[in-house]
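Work out the full structure, taking the sequences as your base and the hints as a guide.
There are 2 protein chains.
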Amino acid sequence: MMKEKLTVVKVGGGIVEEESSLRQLLAAFSAIDGYKVLVHGGGRSATKIAERLGIESRMVNGRRITDADMLNVVTMVYGGLVNKSIVAGLQACGVNALGLTGTDMDVIRSHKRPAKDVDYGFVGDVDTVNGKLLEELIRKDIVPVMAPLTHDGKGHILNTNADTIAGETAKALAPYFNVTLIFCFEKKGVLRDADDENSVIGHIDEADFKRYVEDGTIQGGMIPKLENSFDAIRAGVDKVVITLATAIDGRSGTIIEK
Amino acid sequence: MMKEKLTVVKVGGGIVEEESSLRQLLAAFSAIDGYKVLVHGGGRSATKIAERLGIESRMVNGRRITDADMLNVVTMVYGGLVNKSIVAGLQACGVNALGLTGTDMDVIRSHKRPAKDVDYGFVGDVDTVNGKLLEELIRKDIVPVMAPLTHDGKGHILNTNADTIAGETAKALAPYFNVTLIFCFEKKGVLRDADDENSVIGHIDEADFKRYVEDGTIQGGMIPKLENSFDAIRAGVDKVVITLATAIDGRSGTIIEK
Chain A
1 MMKEKLTVVK VGGGIVEEES SLRQLLAAFS AIDGYKVLVH GGGRSATKIA ERLGIESRMV
61 NGRRITDADM LNVVTMVYGG LVNKSIVAGL QACGVNALGL TGTDMDVIRS HKRPAKDVDY
121 GFVGDVDTVN GKLLEELIRK DIVPVMAPLT HDGKGHILNT NADTIAGETA KALAPYFNVT
181 LIFCFEKKGV LRDADDENSV IGHIDEADFK RYVEDGTIQG GMIPKLENSF DAIRAGVDKV
241 VITLATAIDG RSGTIIEK
Chain B
1 MMKEKLTVVK VGGGIVEEES SLRQLLAAFS AIDGYKVLVH GGGRSATKIA ERLGIESRMV
61 NGRRITDADM LNVVTMVYGG LVNKSIVAGL QACGVNALGL TGTDMDVIRS HKRPAKDVDY
121 GFVGDVDTVN GKLLEELIRK DIVPVMAPLT HDGKGHILNT NADTIAGETA KALAPYFNVT
181 LIFCFEKKGV LRDADDENSV IGHIDEADFK RYVEDGTIQG GMIPKLENSF DAIRAGVDKV
241 VITLATAIDG RSGTIIEK
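Those protein sequence lines, which keep their order, are chains A and B.
Going by this note's numbering, the first sequence opens with residue 1, and the numbers climb by one from there.
Going by this note's numbering, the second sequence opens with residue 1, and the numbers climb by one from there.
Heads up, a few of these hints could be off.
Where chains are identical, the list cannot tell them apart; a pair therefore holds if satisfied intra-copy or between any two copies.
Straight-line alpha carbon distances no greater than 16 Å define the calculated EDC-like cross-link-like pairs of lysine to aspartate or glutamate that follow [said to hold, decoys possible]: (1) Lys140 <-> Asp106; (2) Lys154 <-> Glu19; (3) Lys188 <-> Asp249; (4) Lys258 <-> Asp205; (5) Lys258 <-> Asp208; (6) Lys48 <-> Asp69; (7) Lys225 <-> Asp205; (8) Lys225 <-> Glu257.
Bear in mind the hints are in silico, worked out from the structure with no lab data behind them.
Structure (C-alpha cells):
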C-alpha cells in the first residue's frame, strides 16, 4: 500500500520568539500540503524569562542544566507561552493545531537522564513515542504542535531536546506515513564553506558526512543534527531536510534520503 | 437512550498551586467513576509570577485586567505550568489526561470583551464550545484538563474565567452525557451562616436562591457562581454541586438539581 505523505517540521527557539519570523513560519508551515506536525524549541524565551525571574541559565556543551526552578520556567515557556502562541497562530491560518507536551495523552514517555560527568537535572531521554495515537489524530486533520517536554509517567515533567523530539516523532510515524523530517535553522543548509551562505551541500549521505567531519567542513552543533538525521533515515524516515525556516517546501536546503 | 455519566470538576487556583492540596485533589479526581473533565484556574500563581516579573496585577470586581504583558503571564502559567503539572500528576494516577486551552483543536472560541465601564483587556467571552469533539475524546477515555484560556480564531489568546469555562463545557456536553458539574472552593458548600462551616445548605433551588440573596444569606462571589449553576441546569446539565475540593464525590456540599 502506498503510504501518504507526512511532514514533521522542527523549528528552533529564535524563529518562534519574534512576531515577524513567527508569522513567516506559520504561513510557510500552513502552505505545506498533506499531513504535518510541528515541533518547536523555545530556549531563548526560557533564558529571557528565567533571567527576569532571577533564575540563572546554566549550559554545558550547549545543553541546558534543568534544576527545579528552571523546569518550572521551561514548563511555562515551552508548554504555555510558545506552544499556545503557535497553536493560536495556526488556528488563524485555518490549521487545526493541537498543542502537546509528552505528558498529554502520554504521547512521549522518557526517563530522567542519569547524572554521569554532568548532572543535567530534570532532563528526559525518550523511551517511547505513541505513534499510533498521533497517527489517529493526524488522520482527523489535527496538526500536533509539540513542545520539547516529556514525562516519566510518575508525575515528573522532563525537559527534552527539541531535535530529539522531532527525530523520535518522525521515526514513530514512519510505519504509517511517508515521512519527511525538516530541521529548520538559521542557515540555508549544511554549508561547504561557513563564510559562504550559498555553498549549500545539496545532498549528503553517510560516507560524505564522515569525510566532511574528518576534513573539518562539518563541525560543532551540525554533527549531532546530522547524526540524528541519519539515525532517522535508518529507522524508516524517507527524507530529512536541513534548511531555513522560510524554505520548508521539502526541496530547498540539504537533503538526506533513504 | 440512557445517557452515561460525566463529571466536570472545576478547581480554583489555590488548590492546584500547593503540592499537598494538589496531590489530594488528583487522588479525589482520579477516584471519580466514569467519564470526567477537569477545569482549573491559576490566578494566585499568575499573580505571584507576574509580581516576580515586575508586572502589576490589576483587579476590578475580583476580575483580572489582562493587558499584553499579563496575557503572556496567564498563557505561561495557566496553559503551561499549572495545566501540565496537573496533566503529569493525573498520568501518574493512571488517568489519561490531555491538557487543553480553547485554542487547541479550536475547542473554545470566544470574542474579546468590549470595553465599557471597565476595559478588561485581553479577556474573552465564550461563543462556542466544541462539545462533539470533546465527546469523541472523552469516549476514548481521554480526560480533558482545561486551562482558562480561549481564542478568537484570529490568532489571539484570551483570558477567560475558569467558572465560565466549566459551565460552558458542562452545557456543551449535556446533549451527550448525564452531566454533573462540581464547583470546588474553600468551603464545604453554600453556608447559611458564614461563621459556621457546618451550616451547609444541602439543596437549593432558584426560589431559595432569590430569597437568600434578598435576606443577605448569600452574597459576594457566591452570587455569580450560583447564577452560573442555575444557568447550567436550565441548559441541560443534570446536577451542579458546590463543595470542597476534597469532597468531589457528587454527594457532599450544596446540590442543585433539575
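To see whether the hints hold, each was checked on the structure:
For the homomeric pair Lys140 and Asp106, the shortest alpha-carbon distance between copies (14 Å) is at most 16 Å, but the shortest distance inside one copy (19 Å) is not. When the C-alpha separation of Lys154 and Glu19 is checked against a cutoff of 16 Å, the pair qualifies only between copies, where the shortest distance is 15 Å, while the shortest distance within a copy is 36 Å. In this assembly of identical chains, the alpha carbons of Lys188 and Asp249 lie at most 16 Å apart only when taken from the same copy (13 Å versus 58 Å across copies). When the C-alpha separation of Lys258 and Asp205 is checked against a cutoff of 16 Å, the pair qualifies only within one copy, where the shortest distance is 9 Å, while the shortest distance between copies is 68 Å.
For the homomeric pair Lys258 and Asp208, the shortest alpha-carbon distance inside one copy (14 Å) is at most 16 Å, but the shortest distance between copies (73 Å) is not. In this assembly of identical chains, the alpha carbons of Lys48 and Asp69 lie at most 16 Å apart whether taken from the same copy (14 Å) or from different copies (14 Å). Taking the shortest alpha-carbon separations for Lys225 and Asp205, only the intra-copy value of 14 Å comes in at or below 16 Å, while the best inter-copy value is 64 Å. In this homomeric assembly, Lys225 and Glu257 come within 16 Å of each other (Cα to Cα) only inside a single copy, at 15 Å, whereas the closest approach across copies is 59 Å.
Violation of the numbered hints given earlier is absent; every hint is satisfied by the structure.
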